[in-house]
Amino acid sequence: MTSSIIELRNVSKTYSTAAGDFTALINVSMDINAGEFLGIIGKSGAGKSTLLNMINGVDQLTSGEVIVHADNEKLSIHNLSEDARALWRGRKMGVVYQSFQLLPMLSLIDNITLPMDLSDNFRVRESKERAMQLLQLMELEEHANKLPAFISGGQQQRVAIARALANDPPILVADEPTGSLDSITADHIFEVFEHLVHEQGKTIVMVTHDVSLVNRFSRSLTIADGELLSDAEPVSKPGKRRKK
Amino acid sequence: MTARQSKPVIDSVQLAESNTQAMIELRSVVKKFSNAAGEFTVLKGVDLTIKSGEFVSIVGKSGSGKSTLLNMVTGIDHPTEGNVVVHGTDIYTGVTESQRSRWRGKNLGIVFQFFQLLPMLTLLENVMLPMDYVDMYDFDERPARAMDLLKLVGLEKFANKLPVLVSTGQQQLAAIARAMACDPPLLVADEPTGNLDSRSADTIIELFQGFVSQGKTIVMVTHDPSLTSRTHRNIIISDGELIDETVSKSLPQLRHRHMLEFTKIVHEKIYQPHATIISRNESVDYFFMIRKGEVDVVLQDKKKKDYVLSRLQAGEFFGEIELLRGGKSIANVRAGEHPVEVLSVPRQEFLRVINESPITADAIGRIVQKRLEEKKIADQRTAGR
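Each protein sequence line maps, in turn, to chains A and B.
Numbering-wise, our numbering comes out as the position in the first sequence, counting from 1, plus 752.
Numbering-wise, our numbering comes out as the position in the second sequence, counting from 1, plus 2.
Since the hints were derived computationally from the structure, they do not count as laboratory data.
Please note that the accuracy of each hint is not assured.
Distance condition first, Cα-Cα at most 25 Å in a straight line; then the derived BS3-like pairs of lysine-lysine [claimed, not checked]:
(1) Lys-898(A) / Lys-330(B)
(2) Lys-898(A) / Lys-108(B)
(3) Lys-251(B) / Lys-304(B)
(4) Lys-53(B) / Lys-330(B)
(5) Lys-108(B) / Lys-153(B)
(6) Lys-378(B) / Lys-330(B)
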């Protein structure tokens, strides 16, 4: 049984630039289901990062609605104030990016406790313990007291994922999280994501330009020129996909 | 002041004096790493002093040890031997990791190539973070101070945006604002423009120059030669050793390994004002580079009266005409109004290296040509007198 956790209804986003208006998203409607590992695939400039910024409420939409289901309530997140939306995001969403890494002057464990300390969700001792558990999950506990400069890029990205999970959000959104990693390291990140979905019941939305990753997701959508092209249950044969 | 391989004997009086204006002092710093393949020495006894208020760039090939050198200054890594004194604190002697961390928060701003902004915090909150962390400035004062810093880097309009909504150049500017949050006297930057287009890079260098004019000290690792010309000093590291700055300034076209060779064999000599360095018609056996002071190239007119053909400055060289063309000195060369420090390289070593570096030979050849022209014109003029 799938239940929708986030709904996008006719979402459009237009940017005004010096060269005129630019429409990054055109009437996008989609559902994100609880417990799925959803891939959004598109080329550079297709609108996938803009779409992600709509889903997590980071950016304002031009028209349409993003509805989140929380505690038997439906909430239109773009109607919330900036502060209320930040609060909602802090509780419900973890974010992982390609390039936002860790604070270089803090040890790995301190990098992970930071969001917990900022949110006041945990007591100081709890936050240390929880950070250690997350490092164990990422198989990095032996490096807990190292600074980020002394671990590999793939390990840093795993710490960034641990940091995104610090406040135990039900949803994780990731923008090209494997974009700067080699394929073996990227594979390891996927294993972590799969574990989070299957063992912990997290919902993960990931955008990527890499079509070859399509089979790693439980469902994937393709975006091109600001429009969603397909919404098919596991796309096992990419060749069969039809472009509108 | 200058990077040198030889370890000068420094007596305590001198040290105390230099401490008053030195922001960074590395003394005989050695760093070894061990891995499965054995032990590897990344820094081979580095001595370096950077004065307060200097804007210094550090360049070096990949693997030369430049990031390790920076990690010694920031206290991210530990030297195997030697001392590092930053802003008067010997940061590795009797200092615990957490003391060092606190010290760093108050004394050091750090900027990296990839910006390390926290993605879930707005730009303003990112800039406030270091103040919260080391508990500097009153709690109520912090947002206003963070806003002032964002204004300084031209981002006040974006203060409440999340990092993902601004450009990479703007993210780096925010990271710089964050690095300056606790008003540190020293800013250390590792390839701060490496990920940016040239216009954004330009903005950042201008910002750095502004900080320097306010008395901050900046040390920046870069691979971009267009940036090194905009700093006070450029330090080159090659294979874990620092290249003499007079050598790199005098012969910038040399390969780093050749510069390093010269660094190791140069002989340093000080001449008192007006002292003769080379006499006319004397055979020349050395190539000379000027470290400090001015050198006059002097000819005599028909009445045997001296006149100065040209005046050479620090970072220029002489003696090359005779070494390359053979023969005796065509002019007197003597120290100017003040004492002069020169570095000399023996003929054989000079010729061998020049033969291995065609672009340097070319560059020197052009200078030889120019100087001979000058001499010819001067000779004609004196002949006519």
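We went through each hint and held it up to the structure:
{"no.": "1", "hint": "Lys-898(A) / Lys-330(B)", "verdict": "violated (62 Å)"}
{"no.": "2", "hint": "Lys-898(A) / Lys-108(B)", "verdict": "holds (21 Å)"}
{"no.": "3", "hint": "Lys-251(B) / Lys-304(B)", "verdict": "violated (36 Å)"}
{"no.": "4", "hint": "Lys-53(B) / Lys-330(B)", "verdict": "violated (41 Å)"}
{"no.": "5", "hint": "Lys-108(B) / Lys-153(B)", "verdict": "holds (22 Å)"}
{"no.": "6", "hint": "Lys-378(B) / Lys-330(B)", "verdict": "holds (16 Å)"}
This entry does not satisfy hints 1, 3 and 4, going by the numbered hints stated previously.
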